[in-house]
Amino acid sequence: MKISYLLIASLLISFVCISCEEKPTEREILFDEVMDIHDTCMPEVVTLNQIKRSLRKSKEDIKGDSVTVSKINTTIGAIEKANEGMMVWMRELVIPKDIDPDEKVVPYLKEEKIKIKKVSDAMFEALDDGNALLKDIKDKQ
Amino acid sequence: MRLIWLVGFILIILACEEAPKLPTTLPILGEKDIVGKDTSYHTVPDFIFVDQYGDSITQESFANKAYIVDYFFTSCPTICPKVKDQEIRVYEKFKDNPKVSFLSIAMDTEFDTVERLKWYADKLEIPKSNWHFVTGEEDLIYDIAEDFFHVAQKDPDAPGGFNHDGRLILIDKEKHIRSFCNGMDEGDVDRFMKDIETLLNEK
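If you read the sequences in order, they're chains A and B. Just so we're aligned, residue 6 is where the first sequence starts under the numbering used here, counting upward by one. Just so we're aligned, residue 1048 is where the second sequence starts under the numbering used here, counting upward by one.
Keep in mind the hints are simulated off the structure, nothing from the lab. Bear in mind the structure is a predicted one, so any value in this text is a computation, not a measurement. Treat the hints loosely; a few may be bogus.
To be verified - Ranges between beta-carbon positions, derived for each pair:
id: 1; chain 1: B; residue 1: Glu1193; chain 2: A; residue 2: Asp141; range: 19 to 29 Å
id: 2; chain 1: A; residue 1: Ala137; chain 2: B; residue 2: Asn1111; range: 29 to 39 Å
id: 3; chain 1: B; residue 1: Arg1238; chain 2: A; residue 2: Gln146; range: 36 to 46 Å
id: 4; chain 1: B; residue 1: Ile1135; chain 2: A; residue 2: Pro48; range: 35 to 45 Å
id: 5; chain 1: B; residue 1: Thr1071; chain 2: A; residue 2: Ala137; range: 45 to 55 Å
id: 6; chain 1: B; residue 1: Asp1186; chain 2: A; residue 2: Pro48; range: 39 to 49 Å
id: 7; chain 1: A; residue 1: Arg61; chain 2: B; residue 2: Leu1247; range: 33 to 43 Å
id: 8; chain 1: A; residue 1: Ser75; chain 2: B; residue 2: Ala1110; range: 41 to 51 Å
Unchecked claim - Heads up, simulated DSSO-like pairs for lysine-lysine below, C-alpha to C-alpha not over 30 Å straight-line:
id: 9; chain 1: B; residue 1: Lys1079; chain 2: A; residue 2: Lys143
id: 10; chain 1: B; residue 1: Lys1165; chain 2: B; residue 2: Lys1175
id: 11; chain 1: B; residue 1: Lys1170; chain 2: A; residue 2: Lys115
id: 12; chain 1: A; residue 1: Lys122; chain 2: A; residue 2: Lys145
id: 13; chain 1: A; residue 1: Lys109; chain 2: B; residue 2: Lys1129
id: 14; chain 1: B; residue 1: Lys1112; chain 2: B; residue 2: Lys1079
id: 15; chain 1: B; residue 1: Lys1165; chain 2: B; residue 2: Lys1079
id: 16; chain 1: B; residue 1: Lys1220; chain 2: B; residue 2: Lys1250
id: 17; chain 1: A; residue 1: Lys140; chain 2: A; residue 2: Lys122
id: 18; chain 1: A; residue 1: Lys109; chain 2: B; residue 2: Lys1170
id: 19; chain 1: A; residue 1: Lys115; chain 2: A; residue 2: Lys140
id: 20; chain 1: B; residue 1: Lys1129; chain 2: B; residue 2: Lys1140
id: 21; chain 1: A; residue 1: Lys62; chain 2: B; residue 2: Lys1079
id: 22; chain 1: B; residue 1: Lys1250; chain 2: B; residue 2: Lys1079
id: 23; chain 1: A; residue 1: Lys118; chain 2: B; residue 2: Lys1170
id: 24; chain 1: B; residue 1: Lys1079; chain 2: B; residue 2: Lys1241
id: 25; chain 1: A; residue 1: Lys76; chain 2: A; residue 2: Lys109
id: 26; chain 1: A; residue 1: Lys115; chain 2: B; residue 2: Lys1129
id: 27; chain 1: A; residue 1: Lys102; chain 2: B; residue 2: Lys1165
id: 28; chain 1: A; residue 1: Lys123; chain 2: B; residue 2: Lys1129
id: 29; chain 1: A; residue 1: Lys118; chain 2: B; residue 2: Lys1129
id: 30; chain 1: A; residue 1: Lys86; chain 2: B; residue 2: Lys1140
id: 31; chain 1: B; residue 1: Lys1222; chain 2: A; residue 2: Lys62
id: 32; chain 1: B; residue 1: Lys1241; chain 2: B; residue 2: Lys1175
id: 33; chain 1: A; residue 1: Lys86; chain 2: B; residue 2: Lys1250
id: 34; chain 1: A; residue 1: Lys120; chain 2: B; residue 2: Lys1170
id: 35; chain 1: B; residue 1: Lys1079; chain 2: A; residue 2: Lys140
id: 36; chain 1: A; residue 1: Lys76; chain 2: A; residue 2: Lys28
id: 37; chain 1: A; residue 1: Lys86; chain 2: A; residue 2: Lys28
id: 38; chain 1: B; residue 1: Lys1129; chain 2: A; residue 2: Lys102
id: 39; chain 1: B; residue 1: Lys1129; chain 2: A; residue 2: Lys120
id: 40; chain 1: B; residue 1: Lys1146; chain 2: B; residue 2: Lys1170
C-beta: ideal position from N, C-alpha, C; glycine also.
Make a model of the complete structure from these sequences and hints.
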């Protein structure tokens, strides 16, 4: 009998503990989401730069092909713009302080999430376009 | 009674077993050329950067020293601060060792000026020492970065993959890449610190 009481008591305590566990706040969730997007695309800054440099080199090799040269220029422009987008976003980001009120932080992070998503989309689009163009150039050679 | 003797005997045997020996040398990472009996190993290209005090930093700045390299952005909100936390652990361990230096290369050449790098070093409470936070020409910075990434991607001895995200790289006094670690992984950084010790103890 005593054992059953003990079992019930420990189960109750466990339930109370689980229900008391702190859930992340909206600002915490938003902050993590913003940073996840940033962390996913950030390493591609270097990859994009590698592609840009390969394209520059290709441009020197295919001077006569004005159509491809024009495509290369456009793609390099998009890569530079995408990378610059990330740099500007990082420079302008203000990490919220703990004392900042939710009413100020939540809308700010929502806005930053939209901004970094645009940056990320532009980077991955530039990455795909750059890789596709490099492949085209390689196939032509 | 017999069981006690048996357990005691096993414990003695286990205690007598030799501890695994630590490696006494590190591999030289990167492509190598073998011509006859001579082997030439990959070396880090020459560079010229400017550090947080406006001083020129070249390979000569690291003559007869091992140095730890990382790439970073002073404005990076997540990856770089985590890596810097780990790198500070490495710095704290080796800061008084005259055979070790640190080279942190900023990748945002427009924003990460000498003044900004000084501000960043001050923020991390790094005094004027053997840790250089540098900037330079964008092409040169990415040339060197690509060289590191290339070695890490190609070399089977390089631990883990390489996603250009927060790696610490160990260069020896002969400009060879000797080890890498994931600068966000505390355990891997512990292993890296052992590698630095191994390198320093190499004969």
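Each hint, compared with the structure:
1. Restraint check, Glu1193 of chain B to Asp141 of chain A: a C-beta distance of roughly 22 Å satisfies the suggested window 19 to 29 Å.
2. Roughly 47 Å separates the CB atoms of Ala137 of chain A and Asn1111 of chain B, a value that falls outside the hinted 29 to 39 Å.
3. For the hinted restraint 36 to 46 Å between Arg1238 of chain B and Gln146 of chain A, the CB-CB distance of approximately 43 Å keeps it satisfied.
4. Between Ile1135 of chain B and Pro48 of chain A, the C-beta spacing of about 22 Å breaks the proposed range 35 to 45 Å.
5. Against the hinted window of 45 to 55 Å, the Cβ-Cβ separation of Thr1071 of chain B and Ala137 of chain A comes to about 49 Å, which satisfies the hint.
6. Between Asp1186 of chain B and Pro48 of chain A the CB atoms are about 20 Å apart, so this pair departs from the stated range of 39 to 49 Å.
7. For the pair Arg61 of chain A and Leu1247 of chain B, the beta carbons lie near 40 Å from each other, so the given range of 33 to 43 Å is met.
8. The supplied range of 41 to 51 Å is met by Ser75 of chain A and Ala1110 of chain B, whose beta-carbon atoms lie about 48 Å from each other.
9. Pair hint Lys1079 of chain B plus Lys143 of chain A holds up; C-alpha atoms about 27 Å apart against a cutoff of 30 Å.
10. Taken as a hint, the Lys1165 of chain B and Lys1175 of chain B pair is honoured in the structure, with Cα atoms around 10 Å apart against an allowance of 30 Å.
11. For the suggested pair Lys1170 of chain B and Lys115 of chain A, the alpha carbons sit about 28 Å apart, so the restraint of at most 30 Å is met.
12. Our distance criterion of 30 Å between C-alpha atoms is broken by Lys122 of chain A and Lys145 of chain A, whose separation comes to about 34 Å.
13. A distance of roughly 26 Å separates the Cα atoms of Lys109 of chain A and Lys1129 of chain B; the hinted pair therefore holds under the 30 Å criterion.
14. Between Lys1112 of chain B and Lys1079 of chain B, the direct Cα distance comes to roughly 22 Å. Compliance with the 30 Å bound is thereby established for this hinted pair.
15. Under the criterion of a C-alpha separation no larger than 30 Å, the hint pairing Lys1165 of chain B with Lys1079 of chain B is inconsistent with the structure, at around 38 Å.
16. At most 30 Å may separate the alpha-carbon atoms for a hinted pair to count; Lys1220 of chain B and Lys1250 of chain B meet this at roughly 13 Å.
17. In summary, the hint linking Lys140 of chain A to Lys122 of chain A is supported, as the alpha carbons are separated by about 27 Å, within the 30 Å threshold.
18. Using a Cα cut-off of 30 Å, the hinted pair Lys109 of chain A and Lys1170 of chain B holds, with the two alpha carbons roughly 26 Å apart.
19. Distance restraint check for Lys115 of chain A and Lys140 of chain A: the Cα-Cα separation of roughly 38 Å exceeds the 30 Å cut-off, and the hinted pair is therefore not satisfied.
20. Straight-line distance between C-alpha atoms of Lys1129 of chain B and Lys1140 of chain B comes to about 17 Å, which keeps the hinted pair within the 30 Å bound.
21. Taking the CA atoms of Lys62 of chain A and Lys1079 of chain B, the gap is about 26 Å. The hint holds against a cut of 30 Å.
22. Simply put, Lys1250 of chain B and Lys1079 of chain B have alpha-carbon atoms about 21 Å apart, close enough for the 30 Å limit, and the pair holds.
23. The hinted pair formed by Lys118 of chain A and Lys1170 of chain B meets the criterion: a straight-line CA distance of about 27 Å does not exceed 30 Å.
24. Note on Lys1079 of chain B and Lys1241 of chain B: the hinted pairing holds, with a Cα-Cα distance of about 25 Å set against a maximum of 30 Å.
25. With a CA separation close to 44 Å, the supplied pair Lys76 of chain A and Lys109 of chain A exceeds the 30 Å bound.
26. Taking the CA atoms of Lys115 of chain A and Lys1129 of chain B, the gap is about 24 Å. The hint holds against a cut of 30 Å.
27. Of the pairs offered as hints, the one joining Lys102 of chain A and Lys1165 of chain B holds, with about 24 Å between alpha carbons and a cut-off of 30 Å not exceeded.
28. This hinted pair checks out: Lys123 of chain A and Lys1129 of chain B have alpha carbons roughly 25 Å apart, not beyond 30 Å.
29. For the given pair, Lys118 of chain A sits about 21 Å from Lys1129 of chain B by alpha-carbon distance, which is consistent with the 30 Å threshold.
30. The suggested pairing of Lys86 of chain A with Lys1140 of chain B is violated, with an alpha-carbon distance near 41 Å, which exceeds 30 Å.
31. A threshold of 30 Å between alpha carbons decides the hint, and for Lys1222 of chain B with Lys62 of chain A the separation of about 27 Å falls inside it, so the pair holds.
32. At roughly 25 Å between alpha-carbon atoms, Lys1241 of chain B and Lys1175 of chain B fall within 30 Å of each other, so this suggested pair holds.
33. For the suggested pair Lys86 of chain A and Lys1250 of chain B, the alpha carbons sit about 50 Å apart, so the restraint of at most 30 Å is broken.
34. At roughly 27 Å between alpha-carbon atoms, Lys120 of chain A and Lys1170 of chain B fall within 30 Å of each other, so this suggested pair holds.
35. Of the supplied pair hints, the one linking Lys1079 of chain B and Lys140 of chain A holds, its CA atoms being roughly 29 Å apart against a limit of 30 Å.
36. Restraint check for Lys76 of chain A and Lys28 of chain A: not satisfied, since their Cα atoms lie roughly 50 Å apart, outside the 30 Å limit.
37. With a C-alpha separation of about 39 Å, the suggested pairing of Lys86 of chain A with Lys28 of chain A is violated against the 30 Å cut-off.
38. Of the pairs offered as hints, the one joining Lys1129 of chain B and Lys102 of chain A holds, with about 18 Å between alpha carbons and a cut-off of 30 Å not exceeded.
39. Distance restraint check for Lys1129 of chain B and Lys120 of chain A: the Cα-Cα separation of roughly 23 Å lies within the 30 Å cut-off, and the hinted pair is therefore satisfied.
40. With a C-alpha separation of about 25 Å, the suggested pair Lys1146 of chain B and Lys1170 of chain B falls inside the 30 Å cut-off, and the hint holds.
The structure fails to meet hints 2, 4, 6, 12, 15, 19, 25, 30, 33, 36, 37 from the earlier list, while all remaining hints are met.
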